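Engineer: In case you want the letters, here they are:
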Amino acid sequence: MIDRMKRMQADLEHLPHLHRMGALFSETVLVKVDGQEFYLVFDKGRIAQLLEGPSKKTPYRFGLITDGAALTEFWTATPKPGFHDIFAMVRIGRAEIIGDMLLLVKNLRFLKEVLALPRARHEVIK
Amino acid sequence: MSIEQITGRYLCVEVAGRQQRIYFEEAGQGRPVLCLHTAGSDTRQWRHILNDPEITAENRIIAFDMPWHGKSLPPEGFMTQEYLLTTEAYMETVLAVIRGLGLERPVLAGVSMGGRIALQLAVHHPEVFSGFLAIEASDFQPAWYDIDWFHRPDAHGGEMGAALVSTNISPYAPEAERANTMWMFMQSGPGVFRGDLSFYTQDDSLVGALHRIDTAKTPVHFIVGAYDFTCTPDDARRTAAQVAGATLSVMEEVGHFPMSEHPAGFRPFFIEGLARMPKAEIGA
Numbered sequence: 298m299i300d301r302m303k304r305m306q307a308d309l310e311h312l313p314h315l316h317r318m319g320a321l322f323s324e325t326v327l328v329k330v331d332g333q334e335f336y337l338v339f340d341k342g343r344i345a346q347l348l349e350g351p352s353k354k355t356p357y358r359f360g361l362i363t364d365g366a367a368l369t370e371f372w373t374a375t376p377k378p379g380f381h382d383i384f385a386m387v388r389i390g391r392a393e394i395i396g397d398m399l400l401l402v403k404n405l406r407f408l409k410e411v412l413a414l415p416r417a418r419h420e421v422i423k
Numbered sequence: 002m003s004i005e006q007i008t009g010r011y012l013c014v015e016v017a018g019r020q021q022r023i024y025f026e027e028a029g030q031g032r033p034v035l036c037l038h039t040a041g042s043d044t045r046q047w048r049h050i051l052n053d054p055e056i057t058a059e060n061r062i063i064a065f066d067m068p069w070h071g072k073s074l075p076p077e078g079f080m081t082q083e084y085l086l087t088t089e090a091y092m093e094t095v096l097a098v099i100r101g102l103g104l105e106r107p108v109l110a111g112v113s114m115g116g117r118i119a120l121q122l123a124v125h126h127p128e129v130f131s132g133f134l135a136i137e138a139s140d141f142q143p144a145w146y147d148i149d150w151f152h153r154p155d156a157h158g159g160e161m162g163a164a165l166v167s168t169n170i171s172p173y174a175p176e177a178e179r180a181n182t183m184w185m186f187m188q189s190g191p192g193v194f195r196g197d198l199s200f201y202t203q204d205d206s207l208v209g210a211l212h213r214i215d216t217a218k219t220p221v222h223f224i225v226g227a228y229d230f231t232c233t234p235d236d237a238r239r240t241a242a243q244v245a246g247a248t249l250s251v252m253e254e255v256g257h258f259p260m261s262e263h264p265a266g267f268r269p270f271f272i273e274g275l276a277r278m279p280k281a282e283i284g285a
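These protein sequences, in sequence, are chains A and B. Residues in the first sequence are numbered consecutively from 298, following the numbering used here. Residues in the second sequence are numbered consecutively from 2, following the numbering used here.
Hint data in this document are derived by calculation from the structure and do not stem from the laboratory. The structure displayed is predicted, hence computed values, not measured ones. Be aware that one or more of the hints could be misleading.
As a list, the in silico DMTMM-like pairs of lysine to aspartate or glutamate whose alpha-carbon atoms are at most 20 Å apart [claimed, not checked]:
no. : chain 1 : residue 1 : chain 2 : residue 2
1   : A       : 377       : B       : 160
2   : A       : 341       : B       : 236
3   : A       : 377       : B       : 254
4   : A       : 341       : B       : 155
5   : A       : 409       : B       : 147
6   : A       : 377       : B       : 253
7   : A       : 329       : A       : 393
8   : A       : 329       : A       : 370
9   : A       : 377       : B       : 147
Examples of chain B residues toward chain A, derived with CB under 7 Å [said to hold, decoys possible]:
no. : residue
10  : 150
11  : 172
12  : 228
Computed beta-carbon distance windows for the label pairs [claimed, not checked]:
no. : chain 1 : residue 1 : chain 2 : residue 2 : range
13  : B       : 6         : A       : 341       : 28 to 34 Å
14  : B       : 154       : A       : 353       : 32 to 38 Å
15  : A       : 311       : B       : 20        : 32 to 38 Å
All C-beta atoms in this analysis are idealised placements derived from N, C-alpha and C, irrespective of residue type, glycine included.
Input sequences plus hints: build the corresponding full structure.
Structural biologist: Printed below as a string of structure tokens:
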């Protein structure tokens, strides 16, 4: 899982349109997968740091809690219905979103695109 | 170079005592089929059906922008008005367009909130129509989001709305059409998506009324996408089960905006739905 997260961080570096879209987003986001914590520390649309938990001292604004099987399906090119989107995963009971929901929604397009970066169709040509 | 077959004009008509300038597009000839867009969007969602030579060979496809949407301006005085769509205003608008264009018992094809109002019209004004295609349509859907998110002074409601509705776009949708579908939401006027959602998520007046539809006189066919998490296939089935004689098809690779997000995936289901509707009357 950490390899996927690192790949997401690296791919984001090569996508200037996401840097523009996330230029005002400098917050920490928790992604918790099968109980394992990952803190994505964003700075102006880039993932400046990727921290592994567990941590009770890392403040975050909102978080996505899910399981590895759901996230793996989410990252396929054509996920099954319900696994194709973080809100859809919430709707089918395979994810939970915690924290400042309004802040998430204000930056939703940016964050959805970042979280979907590991998908096959978003492979970055370097 | 090419010029598409779609033509666009404006209909100036009074709706519920207010003058409205309504933009509509059409293509084809034969049986009239009036198409309704979703919340927060406009007639461009129907661009592929309007440009389909096979469908328009025997059907006059017409789509219009609801007031406040697309190229239909809001009514005079809108700057001090809060836009909140109601069932009554929506039904009256559809009926006014039909009267204004002189349509003889069209098929009504509505998607999402358009599907909801199609069902309302099937209950309250069936005599005006020959049949109904209720697409991504249900009797009632409470919000799983806060509709006030989409009209705020500190955020772009259109971009937020587009990002939210992308939840309901299929991964099988071509990237270009996914983007086009989201763009229309991004262009929506301030507060318009919120005002549409107010109708869609708070008006439950259709609940308990669907048994009044007589499908022997006006057939009702439901079409729903498996990737729709606003109106799921189960929501559509629940609704269709209340309409005796209604039929239903599930599109396995399509979401909530079928005609716009995945035209090739939607096309055979739309053609199948049209085939279930009465043929054009002679002279119509």
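Engineer: Now, for every hint given, state plainly whether the structure supports it.
Structural biologist: Tested hints:
Our distance criterion of 20 Å between C-alpha atoms is broken by residue 377(A) and residue 160(B), whose separation comes to about 25 Å. Taking the CA atoms of residue 341(A) and residue 236(B), the gap is about 40 Å. The hint is violated against a cut of 20 Å. Taken as a hint, the residue 377(A) and residue 254(B) pair is honoured in the structure, with Cα atoms around 9 Å apart against an allowance of 20 Å. A threshold of 20 Å between alpha carbons decides the hint, and for residue 341(A) with residue 155(B) the separation of about 18 Å falls inside it, so the pair holds.
Between residue 409(A) and residue 147(B), the direct Cα distance comes to roughly 18 Å. Compliance with the 20 Å bound is thereby established for this hinted pair. For the suggested pair residue 377(A) and residue 253(B), the alpha carbons sit about 10 Å apart, so the restraint of at most 20 Å is met. Our distance criterion of 20 Å between C-alpha atoms is met by residue 329(A) and residue 393(A), whose separation comes to about 10 Å. Of the supplied pair hints, the one linking residue 329(A) and residue 370(A) holds, its CA atoms being roughly 16 Å apart against a limit of 20 Å.
Distance restraint check for residue 377(A) and residue 147(B): the Cα-Cα separation of roughly 26 Å exceeds the 20 Å cut-off, and the hinted pair is therefore not satisfied. A least Cβ separation of about 5 Å between residue 150(B) and chain A falls short of the 7 Å threshold, and the interface hint therefore holds. For the restraint placing residue 172(B) at the interface with chain A, the shortest Cβ-Cβ distance is roughly 5 Å, inside the 7 Å limit, so the hint holds. Of the supplied interface hints, the one on residue 228(B) holds, with its beta-carbon coming within about 5 Å of a beta-carbon of chain A, less than 7 Å.
At about 47 Å, the CB distance of residue 6(B) to residue 341(A) disagrees with the hint of 28 to 34 Å. Hint check: residue 154(B) to residue 353(A), Cβ distance near 36 Å, so the stated range 32 to 38 Å holds. Between residue 311(A) and residue 20(B) the beta carbon distance is about 53 Å. The supplied range of 32 to 38 Å is therefore violated.
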